[in-house]
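**Student:** Sequence:
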Amino acid sequence: MSEISENELELEEDTQKGKFLTFTLGAEAYGIEIKYVTEIIGMQPVTQVPDLPEYVKGIINLRGKIIPVIDMRLRFKKSSIDYNDRTCIVVVDIHEIAVGLIVDTVAEVLTIAENDIVPPPQLQNGSYHQRFTKAIGKVGDDVKLILDSERVLSNDEVNFLEKIN
Numbered sequence: 001m002s003e004i005s006e007n008e009l010e011l012e013e014d015t016q017k018g019k020f021l022t023f024t025l026g027a028e029a030y031g032i033e034i035k036y037v038t039e040i041i042g043m044q045p046v047t048q049v050p051d052l053p054e055y056v057k058g059i060i061n062l063r064g065k066i067i068p069v070i071d072m073r074l075r076f077k078k079s080s081i082d083y084n085d086r087t088c089i090v091v092v093d094i095h096e097i098a099v100g101l102i103v104d105t106v107a108e109v110l111t112i113a114e115n116d117i118v119p120p121p122q123l124q125n126g127s128y129h130q131r132f133t134k135a136i137g138k139v140g141d142d143v144k145l146i147l148d149s150e151r152v153l154s155n156d157e158v159n160f161l162e163k164i165n
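Residue 1 is where the sequence shown starts when you use our numbering, and the numbers rise one by one after that.
No lab work stands behind these hints: they were computed from the structure.
There's no promise every hint is true.
As the list claims (entries may be wrong) - Just the calculated beta-carbon pair ranges, DEER-fashion: (1) 34 with 141: 18 to 24 angstroms; (2) 139 with 80: 25 to 31 angstroms; (3) 86 with 116: 22 to 28 angstroms; (4) 93 with 156: 16 to 22 angstroms; (5) 120 with 82: 26 to 32 angstroms; (6) 51 with 119: 41 to 47 angstroms.
Predicted model only: the values in this text are computed from it and were never measured.
Beta carbons are placed, not taken as given, at the ideal position from N, Cα and C, and that holds for glycine.
Let the hints inform the model, and build the full structure from the sequences given.
**Tutor:** Here is the structure:
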């Protein structure tokens with residue numbers, strides 16, 4: 001395998017700049033930078049692991065690799081729903097750890113212009129949900145809450161999941 005030059009890496013980053021995989025959780029639409037997404041798979045049987053937070057549903061075996069799976073509804077303190085044929089697992093690479101994010105539906109890959117991305121409104125109470133929101137993308141009359149991928153997992157969770165991974 002040949003080494004990738006810095007120019008090739010910069011070119012790859014440029015082609016991914018402004019691209020977001022969008023998905024829904026209930027009525028809200030979210031986006032995650034495409035550079036974090038490795039693949040999208042349908043729901044699979046999840047093996048439960050004792051003593052995990054409620055939102056960590058367990059682990060899956062994806063082609064021989066063990067991947068922890070997080071239900072994003074529960075992560076954002078939303079009510080749980082039964083999974084259906086539209087429920088997907090978005091496999092992302094966060095802090096060099098592969099993690100599956102269970103979402104209601106995957107919508108599309110969108111390019112959002114830099115001038116259509118604004119910081120989230122500042123709430124005085126520093127709401128829990130805002131911790132995960134990096135920006136808001138304006139797409140026509142819609143808005144997409146753009147996740148801060150680096151903050152979806154806390155440092156303690158990263159350390160724990162490294163052991164599973």
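**Student:** Could you tell me which of the hints above the structure violates, numbers in ascending order?
**Tutor:** 6
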